[in-house]
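All chains should be modelled from the sequences, with the hints used to inform the complete structure.
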Amino acid sequence: MTSHLPTRRVAAALLAGLVFGLLAATPGVAHGPTPQKAEARTQIAAPADAVWKVVGAFGGIGSWHPMVKSVVATGGDAAGAERVLTLEKGELTDGLDDYDAAGRSLSYRLSKENVEALPVSFYTATLTVSDAGAGRSEVIWTARFYRGDTSNFPPDELNDEAAIAAMTGFFETGLKGLKAKVEGK
Amino acid sequence: MNEPLAVLLAPLLSAALLLAGPAATPLHAESLFVVCQSGAEISVIDLSAGAAAERIPVPKAPAGIAVSPDGGTAYVTHPDAGLLTRIDTTTRQVVDTTFIGGQPFAVVADPDGDTLYVSDWAGDAVHRLDGRTLARTGTVGVGRAPAGLALDAHRRRLYSADRESDAVSVIDIARFSRIASVPVGRAPYAFDVGNDPGFLAVANVRSGDIALIDKADHAVSRLPAGRMPYGLAVVPGTGHILVANQQSGTVSLLDPKTRRETGSVRLGGSPESVVVSSDGQLAYVSEWFDDAVAVIDLDGLAVRARIRVGQGPRTMATVP
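These protein sequence lines are chains A and B, in that order. Quick note: to get our numbering, add 24 to the position in the first sequence (first position is 1). Quick note: to get our numbering, add 4 to the position in the second sequence (first position is 1).
Some hints could be false.
Stated by the list, open to error - Distance condition first, Cα-Cα at most 25 Å in a straight line; then the derived SDA-like pairs of lysine to any residue:
(1) B:K64 x A:T66
(2) A:K61 x B:Q315
(3) B:K64 x A:K200
(4) A:K93 x A:P178
(5) A:K61 x B:P61
(6) A:K61 x B:V269
(7) A:K77 x B:P61
(8) B:K64 x A:K136
(9) B:K64 x A:A189
(10) A:K136 x B:P61
(11) A:K61 x B:A56
(12) A:K61 x B:A309
(13) A:K61 x B:A171
(14) B:K64 x A:D180
(15) A:K61 x B:R312
(16) B:K64 x A:F177
(17) A:K61 x B:S211
(18) A:K61 x B:R310
Please keep in mind that the hints were generated in silico from the structure rather than gathered at the bench. Computed from a predicted structure; not experimentally measured.
Set out below in structure tokens:
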């Protein structure tokens with residue numbers, strides 16, 4: 025051993041580079057064999073059509089979701105539309121799959137993952153607004169998703185539990201923000 | 005994680021749930037074994053009664069299932085833990101759980117003899133196992149993320165849906181070597197059971213269509229389906245293809261001759277896999293999000309019943 029040991033900082037940088045290289049070398053790891061589910065719902069003191077007017081705008085999520093810093097959207101509310109969400113730790117891209125204005129329901133998928141921003145490797149999600157009677161409405165937001173690291177030995181921050189916590193937290197925080205916006209509180 | 009896990013699997017629940025009855029009663033009618041991934045159980049549906057009769061607890065995150073040619077053993081994979089569980093279908097108890105390594109996902113049992121084939125999702129390979137000892141007797145490299153497997157007993161071919169390679173591998177079973185990789189569309193996932201002599205159908209999750217592969221020359225034609233088609237089955241008699249469109253939340257019936265959809269029915273919660281009864285009258289569709297199996301009358305495509313099962317139902321197999 026004649027060479028100098030690298031400093032801890034250099035070693036960390038090398039390791040980070042190695043890890044990044046591994047991630048970058050496997051762009052298709054959008055899916056694993058074990059999907060997980062998240063579901064959040066809330067009741068809002070406003071008619072379903074009024075709530076849909078807010079959440080039904082695919083590119084408008086930044087106006088009501090507290091975790092979404094900004095949105096760049098293209099394609100409007102037609103299947104094939106895209107939105108790039110900027111969260112605290114980075115960007116995610118969603119693609120709109122299905123838009124059912126009459127049924128007040130939209131379905132989309134993660135088309136560009138970023139496990140730094142949200143520790144999941146893929147999701148499909150559906151958001152539906154229904155009439156709950158007496159001028160109230162119910163919003164249900166569901167997703168099917170895969171952990172950030174789909175190998176059999178994921179680090180804690182990229183395992184199933186982390187993915188479920190992040191996805192559920194994203195939905196619950198979003199619905200709270202939506203309720204506050206629509207109810208004007 | 006290498007030690008056998010059988011000791012963990014004392015079948016505590018199934019004994020309690022067995023129906024008491026006269027000893028002379030025939031053991032079981034035809035049943036459907038439903039692999040419930042989040043619930044870590046096999047829900048057993050008695051097809052004559054149309055109800056979930058029993059639950060067989062298994063280790064964490066079961067995924068694929070196959071039944072031995074004599075119907076006596078069910079094999080269940082656990083990709084997250086590299087495990088394979090054997091279940092005695094008569095006693096409905098776990099026989100053992102064995103570490104086989106990798107991410108075992110799909111499994112098929114060879115109708116000729118005691119051999120299993122298991123896809124290894126992360127290993128990009130298909131392994132051949134001795135059905136009795138579960139020892140690995142061969143491995144063939146395939147494309148990336150092999151999901152579904154189908155076996156054509158007549159031609160002695162094994163097909164692997166290599167999801168991240170957008171292709172289907174064709175394996176010569178006798179030589180256990182890959183003889184072709186057929187591009188089929190984006191993210192092929194599940195096959196029909198492969199009984200049609202002329203073609204094999206595979207669902208392309210991302211391109212939203214069904215690829216029909218000619219078994220003789222591997223020519224591919226594609227039929228449009230709904231969004232994110234997962235499970236599919238060819239209906240005996242009509243030859244129509246029933247497909248579960250997960251993101252659309254529908255099951256649709258496609259006619260490969262006219263290349264058109266002949267009907268569609270909306271289901272709840274992420275329809276996943278499809279099994280058609282041998283007489284072609286009924287279909288069973290697992291609803292992953294709703295923890296249910298929908299029973300569909302194929303004449304008119306109407307939902308006849310919904311059977312509650314364990315959490316996260318995915319694949320299914322009929323057991324005689």
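Comparing the hints with the structure gives:
A threshold of 25 Å between alpha carbons decides the hint, and for B:K64 with A:T66 the separation of about 31 Å lies outside it, so the pair is violated. A threshold of 25 Å between alpha carbons decides the hint, and for A:K61 with B:Q315 the separation of about 10 Å falls inside it, so the pair holds. For a cut-off of 25 Å, the pair hint linking B:K64 to A:K200 is broken: about 33 Å separates their Cα positions. Restraint check for A:K93 and A:P178: not satisfied, since their Cα atoms lie roughly 29 Å apart, outside the 25 Å limit.
Distance hint between A:K61 and B:P61 is fulfilled; the C-alpha atoms sit about 21 Å from each other, no more than 25 Å. Annotation: proposed proximity of A:K61 to B:V269 holds, straight-line Cα distance about 23 Å (limit 25 Å). Proposed proximity of A:K77 and B:P61 is contradicted: the alpha carbons are some 46 Å apart, above 25 Å. With a CA separation close to 29 Å, the supplied pair B:K64 and A:K136 exceeds the 25 Å bound.
Between the alpha carbons of B:K64 and A:A189 the distance comes to roughly 19 Å, so the proposed pair stays at or under 25 Å and holds. Between the alpha carbons of A:K136 and B:P61 the distance comes to roughly 37 Å, so the proposed pair goes past 25 Å and is violated. For the hint linking A:K61 to B:A56, the alpha-carbon distance of about 23 Å falls within 25 Å, and the restraint holds. With a C-alpha separation of about 24 Å, the suggested pairing of A:K61 with B:A309 holds against the 25 Å cut-off.
In summary, the hint linking A:K61 to B:A171 is not supported, as the alpha carbons are separated by about 28 Å, beyond the 25 Å threshold. Proposed proximity of B:K64 and A:D180 is supported: the alpha carbons are some 18 Å apart, at most 25 Å. The suggested pairing of A:K61 with B:R312 holds, with an alpha-carbon distance near 18 Å, which does not exceed 25 Å. Of the pairs offered as hints, the one joining B:K64 and A:F177 holds, with about 15 Å between alpha carbons and a cut-off of 25 Å not exceeded.
Between A:K61 and B:S211 the alpha-carbon distance is near 23 Å, which keeps this suggested pair within the 25 Å criterion. The suggested pairing of A:K61 with B:R310 holds, with an alpha-carbon distance near 20 Å, which does not exceed 25 Å.
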